[in-house]
Amino acid sequence: MSALAAVLPSPTQGVWYLGPLPVRAYALCIIAGIVVGVAIAERRWRARGGRPGLVADVAVWAVPFGIVGARIYHVITSPEAYFGEGGDPVRALYVWQGGLGVWGAVALGAVGAWIGARRAGYRLAPLASAMAPGLLVAQAIGRLGNWFNNELYGRSTDLPWALRIHAWDDGAGRAVLGADGEPVVLGTFHPTFLYELLWCLAAAAVLVRAERRWHLVQGQTFALYVVLYTAGRVWIEALRIDEANRVLGVRVNVWVSAIVLLVALTALVLSRRRNPGGQEVLERDAPTATGAGAPPGVAGTPHAPAEADGTPPAGGVPRHDVD
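This note's numbering numbers the first residue of the sequence shown as 1 and each following residue consecutively.
Bear in mind the hints are in silico, worked out from the structure with no lab data behind them. One thing to keep in mind: the hints can contain errors.
Label pairs and their in silico Cβ distance ranges [what the hints assert, rightly or not]: (1) Pro64 with Val252: 24 to 32 angstroms; (2) Asp57 with Gly178: 45 to 53 angstroms; (3) Leu28 with Pro276: 42 to 50 angstroms; (4) Val206 with Arg91: 32 to 40 angstroms; (5) Arg284 with Ala172: 46 to 54 angstroms; (6) Ala167 with Gly87: 16 to 24 angstroms; (7) Leu239 with Gly84: 22 to 30 angstroms.
Glycine included, every Cβ here is placed at the ideal spot set by N, Cα and C.
Could you build the full structure based on these sequences and the hints that come with them?
Written as structure tokens, this is what we have:
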């Protein structure tokens, strides 16, 4: 068996046609991730006593904001293909060809989630924590889109799990064919998309376990999500060899991930000192322990931490009093 035959394969086609309609694997992976992520978040939110259906309502705001933010971040941090020499600014709109930056998605997606939560009368922090494990699973599924597009791979390697990468025609959505009619193989590389996929799934499991063990409240689960994701993104990003802007010789996304990690870790530590665990307020207008009229030790309309599998805590009955 040849060396190339022993490595992980990559697809040679990422677009299929139903008549004139293109069906893109990248888009299908993103959509599948959103659906699964919303389903997980909905189950966890209801276990907290939140209104059924709220997560889907918030997703109507968060998903479009997130996609726009992700594309803006990508174009800003990798502008050469669109505004550099020989670039085409119109291609900045071609989301289906790949190129979504996670930090843009988180930033503008959070704005959309805040709008949706505020309109429904709920606080963003507990909602974000309910959504955090689902976000990681959604990101993992979305990374399969990079596999179909033969993109976001790392340095050359001959490890047993090395990934075969083809020369790719973005416009056609398929591998470039050689004179013999076979897909042109560029070589074997670190499958960084797979590293991130596995890291996200592991981080989601850690989140659920940590939430149960340490009774994370007031957005602490979301802060831990950011810490865990960025910790993985720093080393995974450092492996990548695709074109990227650099500062002091280091990729911009490594700097961003490191800075966001420190900010999230600081926020998590400070939040744990102020709120070591226990009750959590879901509604925006509910009184808190420091609010007017709230007796000592009472945090408005609280919930007890849910079990690891998202079911309501023992003796707790989810409330559905907010329409």
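A quick look at each hint next to the structure:
1. Pro64 with Val252: 24 to 32 angstroms: Holds: the Cβ-Cβ distance is about 25 angstroms, inside 24 to 32 angstroms.
2. Asp57 with Gly178: 45 to 53 angstroms: Given range 45 to 53 angstroms: holds, Cβ gap about 51 angstroms.
3. Leu28 with Pro276: 42 to 50 angstroms: The hinted range 42 to 50 angstroms holds for Leu28 and Pro276, with Cβ atoms some 43 angstroms apart.
4. Val206 with Arg91: 32 to 40 angstroms: 38 angstroms, holds
5. Arg284 with Ala172: 46 to 54 angstroms: 50 angstroms, holds
6. Ala167 with Gly87: 16 to 24 angstroms: 20 angstroms, holds
7. Leu239 with Gly84: 22 to 30 angstroms: 24 angstroms, holds
When each numbered hint is compared with the structure, no violation occurs for any of them.
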